[in-house]
Amino acid sequence: MDDMKIIEHSTLKVPYEHLNKLYRNVHKTIDRDCSSINQSMNQIDKLAKSADLGQKSELLASLSSLVEKLHQVKKRSIEMRNQEKDLIEILKKRVNNLKDHSSSDLATRKLFFKNRLDRILIDYFLRNSYYLSAESLAEKAHLKQMTNIDVFLIEKEICESLESRETQRCLNWCIENKSKLKKINSNLEFTLRQQEFIELVREQKCLEAVHHARKYFVNLNPDQLVDVQKSMVLLAYVKCSDSLCNQELLSDSRWTYLIGLFKQENYKINQIPEQSALETILQSGLSALKTPTCYQKVTAVFNHNCPVCNPNFNQIAKPLPFAYCSNSKLIDAYTGEAINEHNQPMMLPNGHVYGYNSLVKLMSENDGKIRCPRSKETFEYGEVQKVFIL
Amino acid sequence: MDSLVAVEKEIDKALDLFENFYDGVDQNLNKAIDHLVSIINDLTKIESEQTFKLSADDSISMCKEQVKELIKHYSDKHKDLHANISKIGKAIDKNFVADYGNMSHVNLIDTVEKKMHLNEAICEHLLRSGHLEVCETLVEEAGLVKKIDEDKKRPFVQMNYILNKLKEKDVSPALEWCQINCKELKAISSNLEFKLHRLRFIQLIQQGPKAQLEVLKYSRNFTQFANDCHKEIQRLMGSLIYLNSGLENSPYSCYLGAELWEEIEEEFTKNACKLMDLPVECPLDVCINTGCRALPALVNIVQVMQQTQCGHILSKDELPIEIDVGQNYRFHSVFSCPILRQQTTDSNPPMRLICGHVISKDALTKLNNSGKNRIKCPYCPMEQAPGEAKQMLF
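Just so you know, the sequences run in chain order G and S. So in my numbering, the last spot in the first sequence is 393, and the numbers never skip. So in my numbering, the last spot in the second sequence is 395, and the numbers never skip.
It is possible that part of the hints are untrue.
Below, a list of computed lysine-lysine pairs in the PhoX-like style, where the Cα atoms sit at most 25 angstroms apart [what the hints assert, rightly or not]: (1) Lys233/G / Lys271/G; (2) Lys271/G / Lys95/S; (3) Lys78/S / Lys10/S; (4) Lys170/S / Lys32/S; (5) Lys8/G / Lys77/G; (6) Lys78/G / Lys113/G; (7) Lys32/S / Lys73/S; (8) Lys8/G / Lys113/G; (9) Lys46/S / Lys49/G; (10) Lys95/G / Lys91/S; (11) Lys102/G / Lys113/G; (12) Lys218/S / Lys8/G; (13) Lys88/S / Lys185/G; (14) Lys88/S / Lys102/G; (15) Lys232/S / Lys31/G; (16) Lys321/G / Lys317/S; (17) Lys91/S / Lys31/G; (18) Lys117/G / Lys166/S; (19) Lys117/G / Lys78/S; (20) Lys232/S / Lys389/G; (21) Lys65/S / Lys88/G; (22) Lys91/S / Lys185/G; (23) Lys32/S / Lys46/S; (24) Lys364/G / Lys232/S; (25) Lys275/S / Lys95/G; (26) Lys14/S / Lys186/G; (27) Lys24/G / Lys65/S; (28) Lys113/G / Lys218/S; (29) Lys117/G / Lys24/G; (30) Lys54/S / Lys65/S; (31) Lys91/S / Lys32/S; (32) Lys143/G / Lys166/S; (33) Lys65/S / Lys77/G; (34) Lys8/G / Lys31/G; (35) Lys65/S / Lys10/S; (36) Lys78/G / Lys65/S; (37) Lys8/G / Lys95/S; (38) Lys377/S / Lys143/G; (39) Lys379/G / Lys10/S; (40) Lys379/G / Lys389/G.
The set of hints was computed from the structure by calculation and includes no laboratory data. Keep in mind the model is a prediction, meaning the values are calculated, not measured.
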């Protein structure tokens, strides 16, 4: 299993879902066209069976209109052909792009990894609503085709409408994706209707609220029934709006909850993973790099280059597990070189350990004496003791 | 790689079938339209009642057959295509892992503060890779205006300008920078300036015999490096012999490679970062590269552990398996006691026994369990008192 299999699933699945959706719409159009042609043909057939010269012009007219219909069907079929072809081509382009991951040319691979990081960043920006940054980076890095910006732009519109307390757009979206939402047992539509009910009660339009409830609160499962009961209580307390039980239902946080729920269902339907790629990869990377030294559990030299010691990542990596090390891996605190059988560890009398190469370097810089870089004490070579690490 | 090949196979198959389908539909529609048009033309010409009735009946029955065939073909064949489309989806699901294999257990960025830290780290990455406008847009959208200000950006702006010029094979801004920071570069014993002069020298040689005088004049720049790089200077001066015939066919053709230019960009970035006291490689890059390396092994483990139900690996203290991050990404020493197999910490430091072998303090205490004042090294016959062990600091 390599990292591409794990990271790029949604890169290919999202355009596949678009293709699926388009295919279903195309099929509906084809069925409509076919039945309309069938109808016309049957009509003409009936006319022809009972026709006489007097009805000639009628027959000819219906024949011409059938020809007209066929022309239109042809035009539509060309359009649909192009649409379906375009989507399949997008899939193919993405697959080709991903092939660079295993390219034999180092420069191509490096470029692929650079682009991959940019794509991961764009995905992170889109999930956090930094739409302008995402578009800017996609343009600069020429990655627009490889990202799923269009899915998120639709999400943006609907989120904005929900933020301005409007439910209609989101309901339209629910109706469009009805079958898929049903498959995942989504509660979204019901929650939207419940919110509309609450809004009607807030504006004290109680009769309308009751009609609304009669219309939409049908075929409910037990959890939804409980929610409906809670909302019905609102009707009773409509005049005293500062009663405790109402606070929860009337509060603004319900809209935030709705937006979160919508985003969640949107991701599920489009086969976009819930957590961003950036967070998943960061978790693994930070955990694999995390050592007790980074969190001052071991006194040591601060290594500039260690990302976990970087103040930003230090905070983020706190709850993550440490890396597991079965064998000792030592690096020299002075030069950063590896300490191993080619660079044997030597201990100074003050307990500090350096590799043999570092000692040689230190001696050349200080007239044959060794000056410990950390404690500034000076020692002779003879005072150094060898250490054996297994 | 085979996963991509498998998916591509299905996609190509689907493309072919779609082509054929729509070609067929087009043909049928054209035929039907032509047929209908000819019927219309024929019927228009007929004046007699009887012939009209007969031919109308005949031709329209024929036409009806054709049209019914057409719509059946249109609808049914399109339905058949669905099988191929779903094969693509199945190929993707089979060859790729959905949802990161359930790795995403811990919500890493759960507070506003952590988000800000992550956004800052991303800004730093964007500045280092030259996407200055994207960084500015992000700063605005994420509300980081206080943290990332002009002072922070300025050195990156300059660095990116010099790098862009190096990409265009123009070394003069880089040389200027070297001369300004000459002292600091010497302190880190960098030979960046020499390498830049070398590249310019080679550029001049490539201009051929007319640049002869210029080349000689330029070689004076090497005097300051005479002590450190004299072997390399000897080689460079030797390449002058091929001024007329060009370097391509000479033993010095290695100087024409593009690797020298890539190397200089990396060298410049390293030196600039050292001078600015920044890590050599962008921390975000290091994390992402390591993460991508670690993911396959971790996902495997998660799949195995799911069956044993001992909790998610990211909620434990230590990872269950070792991840090889490569020598470049080892930044801190980790000493693992060979006896207890635990990492040493400040409260449990490594101790050197008289014989030179190293064990952790806890292991030492365990060896001394019997209370006697002599312990034997687990690896050699040497005996000593526990107090004679010396604490070490890596």
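Comparing the hints with the structure gives:
{"no.": "1", "hint": "Lys233/G / Lys271/G", "result": "violated (28 angstroms)"}
{"no.": "2", "hint": "Lys271/G / Lys95/S", "result": "holds (18 angstroms)"}
{"no.": "3", "hint": "Lys78/S / Lys10/S", "result": "holds (21 angstroms)"}
{"no.": "4", "hint": "Lys170/S / Lys32/S", "result": "violated (63 angstroms)"}
{"no.": "5", "hint": "Lys8/G / Lys77/G", "result": "violated (41 angstroms)"}
{"no.": "6", "hint": "Lys78/G / Lys113/G", "result": "violated (46 angstroms)"}
{"no.": "7", "hint": "Lys32/S / Lys73/S", "result": "holds (15 angstroms)"}
{"no.": "8", "hint": "Lys8/G / Lys113/G", "result": "holds (18 angstroms)"}
{"no.": "9", "hint": "Lys46/S / Lys49/G", "result": "holds (21 angstroms)"}
{"no.": "10", "hint": "Lys95/G / Lys91/S", "result": "holds (16 angstroms)"}
{"no.": "11", "hint": "Lys102/G / Lys113/G", "result": "holds (13 angstroms)"}
{"no.": "12", "hint": "Lys218/S / Lys8/G", "result": "violated (57 angstroms)"}
{"no.": "13", "hint": "Lys88/S / Lys185/G", "result": "holds (23 angstroms)"}
{"no.": "14", "hint": "Lys88/S / Lys102/G", "result": "holds (20 angstroms)"}
{"no.": "15", "hint": "Lys232/S / Lys31/G", "result": "violated (78 angstroms)"}
{"no.": "16", "hint": "Lys321/G / Lys317/S", "result": "holds (12 angstroms)"}
{"no.": "17", "hint": "Lys91/S / Lys31/G", "result": "holds (23 angstroms)"}
{"no.": "18", "hint": "Lys117/G / Lys166/S", "result": "holds (20 angstroms)"}
{"no.": "19", "hint": "Lys117/G / Lys78/S", "result": "violated (43 angstroms)"}
{"no.": "20", "hint": "Lys232/S / Lys389/G", "result": "violated (37 angstroms)"}
{"no.": "21", "hint": "Lys65/S / Lys88/G", "result": "violated (31 angstroms)"}
{"no.": "22", "hint": "Lys91/S / Lys185/G", "result": "holds (21 angstroms)"}
{"no.": "23", "hint": "Lys32/S / Lys46/S", "result": "holds (22 angstroms)"}
{"no.": "24", "hint": "Lys364/G / Lys232/S", "result": "holds (23 angstroms)"}
{"no.": "25", "hint": "Lys275/S / Lys95/G", "result": "violated (44 angstroms)"}
{"no.": "26", "hint": "Lys14/S / Lys186/G", "result": "violated (29 angstroms)"}
{"no.": "27", "hint": "Lys24/G / Lys65/S", "result": "violated (33 angstroms)"}
{"no.": "28", "hint": "Lys113/G / Lys218/S", "result": "violated (39 angstroms)"}
{"no.": "29", "hint": "Lys117/G / Lys24/G", "result": "violated (32 angstroms)"}
{"no.": "30", "hint": "Lys54/S / Lys65/S", "result": "holds (16 angstroms)"}
{"no.": "31", "hint": "Lys91/S / Lys32/S", "result": "violated (37 angstroms)"}
{"no.": "32", "hint": "Lys143/G / Lys166/S", "result": "holds (18 angstroms)"}
{"no.": "33", "hint": "Lys65/S / Lys77/G", "result": "holds (18 angstroms)"}
{"no.": "34", "hint": "Lys8/G / Lys31/G", "result": "violated (34 angstroms)"}
{"no.": "35", "hint": "Lys65/S / Lys10/S", "result": "violated (40 angstroms)"}
{"no.": "36", "hint": "Lys78/G / Lys65/S", "result": "holds (21 angstroms)"}
{"no.": "37", "hint": "Lys8/G / Lys95/S", "result": "holds (10 angstroms)"}
{"no.": "38", "hint": "Lys377/S / Lys143/G", "result": "violated (66 angstroms)"}
{"no.": "39", "hint": "Lys379/G / Lys10/S", "result": "violated (66 angstroms)"}
{"no.": "40", "hint": "Lys379/G / Lys389/G", "result": "holds (20 angstroms)"}
When the structure is compared with the earlier hints, violations turn up for hints 1, 4, 5, 6, 12, 15, 19, 20, 21, 25, 26, 27, 28, 29, 31, 34, 35, 38, 39 and for no others.
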